[in-house]
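Position chains B, C and D against the provided structure of chain A, taking the given hints into account.
What follows is the residue order along each chain.
Protein chains: 4
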Amino acid sequence: MHNKSILTKDIITFPTNRKFDMTLLGRVAIDFNPVDYFQTLAESTTFKKYVGGSPANTAVGLSRLGKNVGFISAVSKDRFGEYVTKYFENEGIDTSHIMTCQHGEKLGLTFTEILSKDESSILMYRNQIADLALEPSVVDEEYIQNSKSLLISGTALAQSPSRDAVLKAVSLAKKNHTPIIFDIDYRSYNWTNTDEIAVYYSLVAREADIIMGSREEFDLTEKLLGLDSNDKTSADYWFKQNAKIIVIKHGKEGSTAYLSNGEDYSIKPFPIDALKSFGGGDGYAAGFLNGVLNGWDIIECLEMGSAEAAILVASHGCSDFMPHESEVRTFIKDEKAKYGDMVARV
Amino acid sequence: MHNKSILTKDIITFPTNRKFDMTLLGRVAIDFNPVDYFQTLAESTTFKKYVGGSPANTAVGLSRLGKNVGFISAVSKDRFGEYVTKYFENEGIDTSHIMTCQHGEKLGLTFTEILSKDESSILMYRNQIADLALEPSVVDEEYIQNSKSLLISGTALAQSPSRDAVLKAVSLAKKNHTPIIFDIDYRSYNWTNTDEIAVYYSLVAREADIIMGSREEFDLTEKLLGLDSNDKTSADYWFKQNAKIIVIKHGKEGSTAYLSNGEDYSIKPFPIDALKSFGGGDGYAAGFLNGVLNGWDIIECLEMGSAEAAILVASHGCSDFMPHESEVRTFIKDEKAKYGDMVARV
Amino acid sequence: MHNKSILTKDIITFPTNRKFDMTLLGRVAIDFNPVDYFQTLAESTTFKKYVGGSPANTAVGLSRLGKNVGFISAVSKDRFGEYVTKYFENEGIDTSHIMTCQHGEKLGLTFTEILSKDESSILMYRNQIADLALEPSVVDEEYIQNSKSLLISGTALAQSPSRDAVLKAVSLAKKNHTPIIFDIDYRSYNWTNTDEIAVYYSLVAREADIIMGSREEFDLTEKLLGLDSNDKTSADYWFKQNAKIIVIKHGKEGSTAYLSNGEDYSIKPFPIDALKSFGGGDGYAAGFLNGVLNGWDIIECLEMGSAEAAILVASHGCSDFMPHESEVRTFIKDEKAKYGDMVARV
Amino acid sequence: MHNKSILTKDIITFPTNRKFDMTLLGRVAIDFNPVDYFQTLAESTTFKKYVGGSPANTAVGLSRLGKNVGFISAVSKDRFGEYVTKYFENEGIDTSHIMTCQHGEKLGLTFTEILSKDESSILMYRNQIADLALEPSVVDEEYIQNSKSLLISGTALAQSPSRDAVLKAVSLAKKNHTPIIFDIDYRSYNWTNTDEIAVYYSLVAREADIIMGSREEFDLTEKLLGLDSNDKTSADYWFKQNAKIIVIKHGKEGSTAYLSNGEDYSIKPFPIDALKSFGGGDGYAAGFLNGVLNGWDIIECLEMGSAEAAILVASHGCSDFMPHESEVRTFIKDEKAKYGDMVARV
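Residue numbers (the working numbering), protein chains in the order written: chain A, 442 to 787; chain B, 442 to 787; chain C, 442 to 787; chain D, 442 to 787.
By construction, these hints were calculated from the structure, which means they are not laboratory data. Keep in mind that a hint or two might mislead.
Any copy, or any two copies together, can satisfy a pair, since identical chains are not distinguished.
Using 27 angstroms as the maximum straight-line C-alpha spacing, the simulated DSSO-like pairs for lysine-lysine come out as follows [what the hints assert, rightly or not]:
{"hint": "1", "residue 1": "K616", "residue 2": "K685"}
{"hint": "2", "residue 1": "K558", "residue 2": "K527"}
{"hint": "3", "residue 1": "K527", "residue 2": "K445"}
{"hint": "4", "residue 1": "K673", "residue 2": "K615"}
{"hint": "5", "residue 1": "K445", "residue 2": "K518"}
{"hint": "6", "residue 1": "K518", "residue 2": "K558"}
Quantities reported herein were computed from a predicted structural model and do not represent experimental measurements.
So that you can see chain A by itself, here it is in the shape it has in the complex (with noise of 0.2 angstroms):
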């Protein structure tokens, strides 16, 4: 344990006096959950509908937590992109970069399996999906004057023309001043060789001023650049490019958020009963970088971060049950009431 800590607004700080808190780009989908969990999705019947997908998960967490959200993606043309769309304006999250797809492309689907608290797996449906058809004229460079921080999901670099969009967004931020958040977020899904994923990713990871991701992400996006699949030797590296904060994950071994200063702050998991294996990262992202727009200490941005992963892979849904600020404190407050101050402090 750390004696010390730091705020983080000494780390990074954003632009002041622009419309959104974050703007975020990528994905928007829909998570079909079985009510019948514990056993195969072949078994499973009957199926709640929620608004899925990682970067949409955090974009509802950040506003539930009070920031100003913007939201660049691409929907399908039909009642599922209604429903996204809807969900997004009763969250308060702008919808006016939000391109509705015109040549038959679907919204991607997400089936989850919840065999038990520890095996989940997932069914997507992501054949001519719509979010991979953002075009990058939706990507304006005003909306991106107009965003204090920038958030790329990994995954919206899969296929273009949505890799085009971003490289886009990632170089007006840049022109702009607008610092940019690179959630890895790998899904194996649309992508077609290790070397394409390596290329895209390090592309945008070197530009960004703070990354997230799991070993196993970070792995895939040095493919290319000779390193030694170790956490200090990736954070080191990329702080010589532009970033300043690197979020490396270990699942339930905690994760670890290094510091451009040489400083490290780690986190452990906070014990709950979990119910699925996913959603906890949308949550940690959320928590965490609300944390870190707020300039807050780095030890509680990542108990913020780790407490909103806590109450996620607890629920039966993601977006849905991403917590507002007092609900975090609350859950945080009964945990080390239970297990200690300490509980998921290292």
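Frame of chain A, contents of chains B, C and D only:
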């Protein structure tokens, strides 16, 4: 009303000593029907999963009526493909000719919007769809030789290679004297223009012994033939090709079976409290075709078809609600007790 | 040798009072034939450009023999599309139903490798090809009504939408009593499997009044029919459908025309110093079909076909070298003077 | 005119002890140039075949000037693929990293229309093109390590997977301290929108040590950067990234090399009787880059580039007419004798 009637076995006969009473070629898919209906699909939150797809429903219906049923189709290599295959096996339908796709094709999904008893619509996922990836090589002559009849669902004609597989099946059916039933089953989704529809529908219709469809479906089929959109004209035209029975449906006004001996017989819908405006056609096909395979009196065939249609539109799903023969007979008896013997007859 | 012979007009008749003697449906392309041949295509340095494509060559041949010719096809929106269209106009072929592609499709190119008199092969450019982009809407009924006969080139069946256009044309030809000539013209390039070939070839063959092809092409057509790869069996099968004349070619061993009255007549190749091993079939088709359109004695039709074939294989290109009638007659006379009256007869 | 000049080796240096002086990544194609020119391509009848494609021409040029040249590309599995590979081998260009496509991709073809000395245009065959099918796996680190410099032809960025292969090569070049030359070489054919062009051009330009292009090509590259379409602004911007030399071409008005030390040097075209309006750029690149690799005086590099450009536009083809050093020097000497020493200098 006719005072006379006629046995269908005097109009059309089927080969004997073959393993399957009918083999159906066409899609099997999954229906997701909202539990909280009477609102838009965007608003519904909970969905029940059913095996769907018109020929799949009809296959289940026929199997429950005691027929030995074969099926030719292609499914996805995932839990959903596993689901529909196991469902068929449980229903006693032969799955030896259901191919598993290897290139990421997905099973079709149909999300149902039930706005009111009269207004329902569907949202289909049919991009890079498994059923239209059916390879001609799956259609083998021995399977056709083992079938007393072959049902072609028109949707399977929408794209190659499934289209090629259908035409191969038709060719082999002609060679092996297997009567062909053409259930037009028009779905606009995968077609590109009406000439294409007319070309392929008419190719199969020309060889069919029984053709079933709505007036609109016959019009699509006959677009290049210079007919006059009149039921009698249609029937006479197809009798000059290979047809023995032509069934033309007019929704709530009922339907008529034209026979190659010049007679025609009509049926009306049973009065019923409908829940949704679809699924009826698949029940009708099962009830009617079961009767024809049995050589029953034409009026009895029609009444069984109409009764199954009524049972289906009053149900939450399709396949799961296909009745056994005793249930259909009970339904008819109850309706007649309530509304009189002529309730569905013309 | 037959002592007897028969007029083809006693076997097949054509409608009168129609503008075009024949409308051909199929590809028009460009041949690049090396000037410095007898080496590999990699080594040849200089090429002559000719209008090519089997039905295009036959169309030019028929036009030069005095026939009024229509053509249905699709060409590229570039100088090459302009080239072939102008060439047709100069040859007096109607170009009103040659569609110009709008999505970057290119005219097919055929680079010929002439290694020796007996060994030649071709390298084809047929990716995103103009001719297979032919839309069914280009095939209009009035054009078919204005044609005394319709020739379908089998290559046009290789892919949709061209395939759909062919089947529409066949349907309209039947309706308007326009005799159909099916020139099988197998090219492996754009097909995916032999079931597909068999399905679509047999669909057209079944409706055709005249079918022309090699033994191998008939085998491809008959794959699903259970025949025995015997010429007489083939002819008898197709006579039971709609055929009046079946021409089966055996390369250097000659060819035989089977007639629906049970007779058959054969012809041998004229002895000639060949330059290349292709183009002969297109000349044969022009010579033979011109005779049949004129109702000539069957032996005369075959002799004219064989003579044109000989002239073509001795030429550097195809279309440009299609002879006028007087040239063919001079060729035959010269050959007979040199080799005797029975030079090509059996 | 400058009184001073500077050695390019004082501006940019290359690693020593590497096998290849330069490895070029980009297309190799075939040019078909009319022998009977000064008319439209529709009218020309005879064509000479040449190896073509901008980087292929430059590679031949460099090899003839004595450089050891590597090449990364993909070719068709046919006689044309064989042709260009053998041609390279005869020219002494390494072909170990030229992949052979396996899915029917074809080598690009360029048909040249030479209407007059000033008007020429091209008709390209680039559907399902071999060069853009280049797989990233072909780009191996050892090859980049063995190269003193890497030239990227911008056309290779037009589509994935070739685009991915370029970006991988750039990444490996940075890692291995291999200077990058970016020859923008804009061809509209395979691009979909100008954002896409700007994104990928600027990604490579940002890493390049030398960038060569026309004003229009720099404008395309800089579209998202907010520059002002001024040569000096462009040069200064790229010097702030990684560039050492920026060459901007203005056609008949000549071209200017901007150096990272703030100096700039210009050259004019040699007066010449041009035959066609293209090919000059590839000759220019060969002549100029050969000089830079040798560390020559910048004025000498430019003069050699301009001389090669002049020789090329006066020739019937490109690759075949790339001169040896003595020929270039003779050409310059002759021009100076005729027009004065300052004929091309500014």
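Check each numbered hint against the structure and report the violated ones by number, ascending. Of the numbered hints, 3, 5 do not hold.
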